Structures are given as structure tokens and as C-alpha cells.
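Protein chains in written order, with my numbering: chain B, 1470 to 1712; chain L, 1470 to 1712.
No lab work stands behind these hints, which were simulated from the structure alone.
For clarity, every value in this text was computed on a predicted model and none was experimentally measured.
Any given hint might turn out to be false.
You can't tell identical chains apart in this list, so a pair holds if it fits in one copy or across any two.
Unchecked claim - Calculated pairs, EDC-like style, for lysine to aspartate or glutamate (alpha carbon to alpha carbon, straight line, at most 20 Å):
| # | residue 1 | residue 2 |
| --- | --- | --- |
| 1 | 1662 | 1575 |
| 2 | 1567 | 1700 |
| 3 | 1532 | 1700 |
| 4 | 1484 | 1495 |
Protein chains: 2
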Amino acid sequence: MGKIFVIGMGPGGLKDMSPRARKAIEVADLVVGYSAYLDLLQEHFLGKQFIKSGMTREVERCKLVLEKALEGHNVALVSSGDSGIYGMAGIMLEVVNKSGSNIDVEVIPGITAASAAAAVLGAPIMHDFAVISLSDLMTPWELISKRIEYAAQGDFVICLYNPKSKNRSGYINIARDIVMKYRDANTPVGIVKNVGRTGQTSVIATLENMLNNEIDMFTVVLIGNSQTYIEKGKMITPRGYRL
Amino acid sequence: MGKIFVIGMGPGGLKDMSPRARKAIEVADLVVGYSAYLDLLQEHFLGKQFIKSGMTREVERCKLVLEKALEGHNVALVSSGDSGIYGMAGIMLEVVNKSGSNIDVEVIPGITAASAAAAVLGAPIMHDFAVISLSDLMTPWELISKRIEYAAQGDFVICLYNPKSKNRSGYINIARDIVMKYRDANTPVGIVKNVGRTGQTSVIATLENMLNNEIDMFTVVLIGNSQTYIEKGKMITPRGYRL
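Using the sequences and the hints given, assemble the complete structure.
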């Protein structure tokens, strides 16, 4: 019986991947994941078998990983960012538990997109924050919008993942309108696309004008709290130190 | 004029530190940070000057970093976890902005404690979550408790940083009582101490009995949402996949 590693590779390929994650891939003989991520890795790990898959079909992917591990392979299942934040860690554990197998699953964390986007923008999440996915594939919009409402009322910095896709282009507009009920129109909003990867772009906008920018499924949107400000092109949420 | 790198080293020393962070320390000739963190690094970076400081005095530390950078040094200012989440990135940018200097500051993200703790516990933050620090050193308790209230109402997984210290041992108890108003007493709670470091311990408790465990300032507490469950010793927040 092999072992399963569920690995967060960080947002940007090898330069963001922890030595612990790298070592786990070296121990594995089979590497499984979404093709765009594995393409960033393949040339650096020779002699491994890579199984690339599409964006969806996560359950099938986990079942394949389990099957291969039961055959004796050490398998690395790779997520972008952190495998434990909207990544593959949960579904992999659920598939293993349901199978009744007692195979060893090790979750290895990575740098999540919010951290990487924040670093590009300056220091927008120096204070309490909420992370919300706008994907309604498995979560009803009523729950998502309720969470935006509470996060806005609580004056959390709000990090939006999966802000837009073909099937749900309007949610980011509604999300912004909800936050506008509680926050000033001039609240800074950071918009980072392809963070850590080729084609990275970032913009600092405001709640008022944020929707003038292109926002797609590879974008992270960080909405400041009531104290967030912009200075010299950096978005900063102060923690309260006296200078 | 030198350059300033504000580096998140991850929770556990070298094994969690990204190659990008490591390279920045190699470029620097001066490394500044809290002594317990620098002790994890010093032997791996020979030929650098290390300036170790206590836990507080963050503003003085940043002023020293700026002064040294203006003298021509490349300075690495190191935080544990992610430098952008309750770390040194914000205060460093604020000190530089206030000085009027146009020195280059690069923020390099790291793996934050919530991600690392989640990996130890299983997959507790696979869905929307809120991160809240219980430290009232610079934030009024009224705002902290308000945020706990909203995060609880929004059914966020809740990650508590700085849950307890000598001066504020009661806040974790109040926080737990607030969440209990909205969530079942059997809601899983993960308690991870010294994550990624020597002496790491983890416990999966419930809201009801969580206070029977030792919780100190080196502990991260993850409170599950209404869907979180425990199976085979793992804490799992399902994202909603059908198995």
C-alpha cells in the first residue's frame, strides 16, 4: 500500500512551493492534478508519471488517486495555492473515508492566493479578514450572499475567490452592492489576476469603480475594511501601531 | 540605497519557507526579526548579520530596518507564517511611507498558521472562513467580539489567532460562548499548538469541551461551521461534493 500526499503548491509554481511539498513530490512516483498546474512542475520532476485532468471531476480524480495508492504507488495530488483552502484535501479525505481504507493521507499546506495577492498589493490583510468563494457550483447563492452581508457588517477585510465565471458573471456585482451598503464608496479594492503566474496583473480600485476592471475566475478580489487606505500605490490596512 | 524584503517564513522554519523567500534572505546581508524565528534560520544562512529582537517594539524594528537599508544594506525583515497576515508587512510600509523615502519594499508571502494548522487537523477550512485575532493590544475588544458574533452568524469556519496570553486569558472563553449562541455544542474545534515547530500538538475537541485544553499564545483555534464533522480522527468541512 502506498501513501497519498495532498499538496498545496502555492500560487506560482516552484518559486512558491515549500521544500516539504517538493520533497513529497520527490517521494511520489505518480503526480495527479489539473493540467495547467502540472505543466508548471513537470520539467522539474523527471522520472515521474504525471496524470493531468480537467478543472472539474474532482471526485473521479480522488478515486483514481486512491486506486493507484492501493496498488502500491506513492501518489502526489497537487492543488494550486493551499490544498486545504477550496483545494483537494477535503474531498480526498472524504473519498478515502468512504472507501473504508486506512491508507495514510498527508496534507501539505501551501501559500494561498489571498496571501500572494496581498503581497502584490502591499499589506491589505493585516487585520481580521473573511475568505468567501463566489462559486455557486456546490453552495447556494443565498448562503454566499448571507456571508458577504455578515462579513461586510463585521468590517472584515473580504477576500473573494472564484469571483466570476461564464455561468455566474453577475455575482461579483451583487457582492459589491452588498458591501456598499456598509462601506464607503471610496474603500480600496485590490484586484489581482494570475497571481504569481505568467500574465500577473494587479489594480487598486475602489468599491465605487471596481467593476470597470476585468474580473475573471483567475482573479482574487480583496476589499479593504473601514481603515484601509492607499498610499504610494500600496493598499494598506493598518493594524493600529502608533508611528 | 539598499532594498527591504518583508518575508513570511511560514510556520515551521526552513521546511515551510518558499524558494522565493529563501532567495531574498540570500540576497540580504542583514536579517532582522524576532529571536525565536531567527534561531530557526541562522545556521542555514552563513555570512549574514542577524539582529534579533523581542516580541514587541515592532515600530522600532521597522525604523531600524529602514535606517540600515538607507545606509545601503539589503535587509530581510522576517515574520513567522505570512508577513502579510498580522505580520510585519503593514507596519514596514507605514514606516517607509511616513519617512518620505522611496526605498523599494518587496513583500514575500508565506504559509499562514491557519493553513498549517488545518493540514494537521485534516481539512477544516475547505469552505468560507474568517480569521480573527483575539489580541486587544491594538484593537478594542468590542470590535473583536462584534466580529466573532458576525462570523458565527454567517456560519464561517472561524480561525482564532493569538487566542490567549497572560493579560487576556478570558477572551477565548467569551469567544467560545458567543459562537455557542449560533452553533451546536458538538461543533468540532481544532486546537493546534506550535504548528510546524518542535513541540507541535493538536487536539480535536468540541465547542462544549474545548476549554478543557491548554490554549496559549502559540496556539491556533479552528472552529468548524455547521457542516464540519470528525471522522477517523480528521476534522473535515465538506465543500459539498457528492461521493
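For this session: Would you pick out the hints that fail for this structure and give their numbers low to high?
Result: Going through the list in order, the structure violates no hint and respects every one.
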